[in-house]
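Sequence order for the protein chains is A and B. Residues in the first sequence are numbered from 1 upward in steps of one, following our numbering. Residues in the second sequence are numbered from 1 upward in steps of one, following our numbering.
It is possible that part of the hints are untrue.
Identical chains share a label here; the pair holds if one copy fits it or two copies do between them.
Result set (DSS-like, lysine-lysine): computed pairs, CA atoms no more than 27 angstroms apart in a straight line [said to hold, decoys possible]:
#1 K75 <-> K175
#2 K175 <-> K208
#3 K135 <-> K164
#4 K208 <-> K5
#5 K188 <-> K175
#6 K5 <-> K203
#7 K203 <-> K175
#8 K58 <-> K96
#9 K5 <-> K188
#10 K165 <-> K188
#11 K58 <-> K90
None of these hints come from the bench; they were simulated from the model.
Protein chains: 2
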Amino acid sequence: MNPLKLEVCFSPIQFPLFQTDDKIVVVVDILRATTVITTMFINGVNKVIPVKTIEEAKELKKTGLLVVAERDGQKLDFADFGNSPFYFTKEVVENKTLVYSTTNGTNALTLGLNSNKVIVGSFLNISSIVEYLNKSLTDVIILCAGWKDRFSLEDCLFAGALTKKLLEAGCFYTKCDSANASVDLWEKAQENLDAYLEKVAQKHRLQKLGLHNVIPYCFEHDKTNLIPYLCLEKDKLKENLPYLIV
Amino acid sequence: MNPLKLEVCFSPIQFPLFQTDDKIVVVVDILRATTVITTMFINGVNKVIPVKTIEEAKELKKTGLLVVAERDGQKLDFADFGNSPFYFTKEVVENKTLVYSTTNGTNALTLGLNSNKVIVGSFLNISSIVEYLNKSLTDVIILCAGWKDRFSLEDCLFAGALTKKLLEAGCFYTKCDSANASVDLWEKAQENLDAYLEKVAQKHRLQKLGLHNVIPYCFEHDKTNLIPYLCLEKDKLKENLPYLIV
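Just chain A, same shape as in the assembly (with noise of 0.2 angstroms):
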């Protein structure tokens, strides 16, 4: 058997410029929507609708859902819930559907809806994804969120992680330079991780907002098993609305 294609896509402006069709695309904003996603499967969540407008987050929110939406970093002021994961613990989420709108995670993750599979990658699932990927049998590409369809830092470095630990076992090839360079800054974020993140633009942007102390958290490997999927069944809210479960 040939070994899988593996490819590191940093923007979601970018990703159109991919062929996607029969792959697996794992998505990834650390800081901090896939994070806070794959803590709210951690703590129970039934179910988790990604709306990429406020206006679609609002329209949800009358059938009686809570909602996630947050904008540069603030939670709005008709949203149940800002952005951190410190927020959606067992009492709140358990059993629960919650909508969910942010900067650029929530655009992320539906882009890649006619994929083969879109997951929601972490470094709190890191492992688990390594273990699925592995079995999958399919090519793969990383979709980091990114900041406004610009570079960042953060998401490279989890695609490195990822990319490294894919490469290591062996069923994955890369000819991609976003994956080459992701591996490298990876490797070299690891020799000091708190001092590399004085590099993450994403980091002082939560510092002035008062909301870093989310940051060692969302660098916590291997918390869960769960892996949160994108679904495009009829939902009984609305037709085709793609959501999350586990």
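Based on the hints, put chain B in the right spot on chain A.
Just chain B now, with coordinates in the frame of chain A:
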């Protein structure tokens, strides 16, 4: 005086996301457009007209100009030259005007037309660029031509080398994740550049075409102090056609 802002854009498709009106744009396509253009000026070319489409190049050839045209690494049939820096000796280019159209570089060159100034960056003129930018009192964005709007490692390495020199000189600051990543990758690559270039997809594309003998030259530093830049004065060939001069 406040230090000047420095950013790196990894792909032409992301360039519209940056505010660039009052900035100097350093365009880089190390393998090979900006290295080739710099070489043409070293050898005394009078003017280089970068054109995006094959149709424009064909039209300009009818006026009697020499045309360089390449797609996916290979010379196009109607063109006078392919895209190797070794073609453009003094005997060939001195005092001439050349039309130039390549896969990635020529698109990137004209994207910054509304900025303060567009200059051509390569390792061949890197120290002169540093000196020029340190005197400019103007914010800078380094635009990597990439590969068909994807990230290219070799352009990122140049962005890292230039960013590192500019930060060390003290006139510039950066809060740009792409700039910080570029510096780290350049430092890593410098440990053993030849070995590092094995990770570069464009090296392998050129190798397949038997064109990789240009690569060592494309990483030679400081062969000239010339800095080609983009002009948009009226040209006798066509109104408002931008061209490069030194």
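Practice prompt. Report the numbers of all earlier hints that the structure fails to satisfy, in ascending order.
Written response: none
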